[in-house]
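Peer 1: Since the structure of chain A is provided, determine the placement of chain B on it from the hints.
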Amino acid sequence: DQQVKQNSPSLSVQEGRISILNCDYTNSMFDYFLWYKKYPAEGPTFLISISSIKDKNEDGRFTVFLNKSAKHLSLHIVPSQPGDSAVYFCAATYRNSGNTPLVFGKGTRLSVIA
Amino acid sequence: GAGVSQSPSNKVTEKGKDVELRCDPISGHTALYWYRQRLGQGLEFLIYFQGNSAPDKSGLPSDRFSAERTGESVSTLTIQRTQQEDSAVYLCASSLENSNTEAFFGQGTRLTVV
Numbered sequence: 001d002q003q004v005k006q007n008s009p010s011l012s013v014q015e016g017r018i019s020i021l022n023c024d025y026t027n028s029m030f031d032y033f034l035w036y037k038k039y040p041a042e043g044p045t046f047l048i049s050i051s052s053i054k055d056k057n058e059d060g061r062f063t064v065f066l067n068k069s070a071k072h073l074s075l076h077i078v079p080s081q082p083g084d085s086a087v088y089f090c091a092a093t094y095r096n097s098g099n100t101p102l103v104f105g106k107g108t109r110l111s112v113i114a
Numbered sequence: 115g116a117g118v119s120q121s122p123s124n125k126v127t128e129k130g131k132d133v134e135l136r137c138d139p140i141s142g143h144t145a146l147y148w149y150r151q152r153l154g155q156g157l158e159f160l161i162y163f164q165g166n167s168a169p170d171k172s173g174l175p176s177d178r179f180s181a182e183r184t185g186e187s188v189s190t191l192t193i194q195r196t197q198q199e200d201s202a203v204y205l206c207a208s209s210l211e212n213s214n215t216e217a218f219f220g221q222g223t224r225l226t227v228v
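As you go down the protein sequences, you meet chains A and B in turn. In terms of this note's numbering, the first sequence opens at residue 1 and continues consecutively. In terms of this note's numbering, the second sequence opens at residue 115 and continues consecutively.
Next up, chain A with everything else stripped away, as it sits in the complex (with noise of 0.2 Å):
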């Protein structure tokens, strides 16, 4: 049973458009979200992240919207450039209980186009 789903396995996107990739989950306990970006033979990075008691969250071309009622989460590039393309995995977490890994969607391939 996938927690958090990112149903779509990729993205093309043209250099100066707005990207949005996408993100649902079931666990209404997860209480924190983070985006991390995956290069070919690298490990993933960090990106952006929001806890539930925000909306949304910005740093610089990348803004991170939540929407706690529909479980849906989305990651906005803009404008999104051909160094943006790469894998993005969306994942959630909840403080309440101490053990809390980190459970990860699939990820979306993003192809940002010159």
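What the hints contain is simulated information worked out from the structure, not anything from laboratory work. Think of the CB as a built atom: it goes at the ideal place given N, C-alpha and C, for glycine as much as any other residue. Among the clues, some could well be false.
The calculated lysine-lysine pairs, modelled on DSS-like cross-linking and capped at a C-alpha distance of 25 Å, are [stated by the list, open to error]:
1. LYS5/A / LYS68/A
2. LYS106/A / LYS171/B
3. LYS56/A / LYS71/A
4. LYS129/B / LYS171/B
5. LYS106/A / LYS68/A
6. LYS106/A / LYS125/B
7. LYS56/A / LYS68/A
8. LYS5/A / LYS171/B
9. LYS171/B / LYS125/B
Not close to chain A: a few residues of chain B, all C-beta gaps over 10 Å, as computed [unchecked claim]:
10. SER121
11. VAL126
12. THR127
13. HIS143
14. GLU158
15. ARG178
16. PHE179
17. SER180
18. THR184
19. ARG195
20. LEU205
21. ALA217
22. GLN221
Not everything, but these chain B residues come out facing chain A in the computed CB check (under 8 Å) [stated by the list, open to error]:
23. GLU134
24. TYR147
25. LEU157
26. PHE159
27. TYR162
28. PRO175
29. GLU216
30. PHE219
31. GLY220
32. GLY222
Peer 2: Same frame as chain A, but now just chain B:
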């Protein structure tokens, strides 16, 4: 070191052999995670160490898999009697205690069972 270090970076082993993968977390990080990524799949949680608490082993796929951690430092993931389906990239990550925030990943060990 500055980041999470994993060794070896690549490992080819014969089916039925045992393998040991090593992870050196970031100094001071009390939380340590092991994940694996099989071809075309997302990040699959294996095991989580948090300080002196009992590890969360709920993600280990079979009793052929085990992991240990020495204090708050090095961790080893051992796979006994390897099978072809164990072929994957094994990723280690570490984070600060109780942060449940950003986890820093190593580059991974690519395991190929032939």
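Peer 1: So, for every hint listed, does it hold in this structure?
Peer 2: Here is what the structure says about each hint:
1. LYS5/A / LYS68/A: holds, 15 Å
2. LYS106/A / LYS171/B: Status holds; Cα separation ~21 Å.
3. LYS56/A / LYS71/A: holds, 14 Å
4. LYS129/B / LYS171/B: Answer holds: LYS129/B to LYS171/B is near 24 Å, not above 25 Å.
5. LYS106/A / LYS68/A: This hinted pair holds, its Cα atoms lying about 21 Å apart.
6. LYS106/A / LYS125/B: holds, 24 Å
7. LYS56/A / LYS68/A: Satisfied, since the Cα-Cα distance of roughly 11 Å is no more than 25 Å.
8. LYS5/A / LYS171/B: holds, 22 Å
9. LYS171/B / LYS125/B: Judged against 25 Å, a Cα distance of about 23 Å means the pair holds.
10. SER121: holds, 13 Å
11. VAL126: holds, 16 Å
12. THR127: For THR127/B, whose nearest Cβ neighbour in chain A is about 20 Å away, the distance exceeds 10 Å, so it holds.
13. HIS143: With a cut-off of 10 Å, HIS143/B remains clear of chain A, as the shortest Cβ separation is near 13 Å.
14. GLU158: violated, 8 Å
15. ARG178: Fine: 20 Å to the nearest Cβ keeps ARG178/B off the interface.
16. PHE179: Correct as stated: the minimum Cβ-Cβ distance to chain A is 15 Å, above 10 Å.
17. SER180: The claim stands: SER180/B keeps its Cβ more than 10 Å from every Cβ of chain A (closest is about 17 Å).
18. THR184: holds, 19 Å
19. ARG195: holds, 26 Å
20. LEU205: violated, 6 Å
21. ALA217: violated, 6 Å
22. GLN221: It is violated; GLN221/B is separated from chain A by about 5 Å at its closest Cβ, not greater than 10 Å.
23. GLU134: Status violated, d = 19 Å.
24. TYR147: Given a least distance of 6 Å, the restraint on TYR147/B holds.
25. LEU157: Nearest chain A Cβ about 4 Å off; hint holds.
26. PHE159: Constraint on PHE159/B satisfied, holds at 5 Å.
27. TYR162: holds, 4 Å
28. PRO175: violated, 15 Å
29. GLU216: Holds: closest Cβ of chain A sits about 4 Å from GLU216/B, inside 8 Å.
30. PHE219: Holds: closest Cβ of chain A sits about 3 Å from PHE219/B, inside 8 Å.
31. GLY220: For GLY220/B, the interface hint holds, since the closest Cβ of chain A sits about 5 Å away, which is under 8 Å.
32. GLY222: holds, 6 Å
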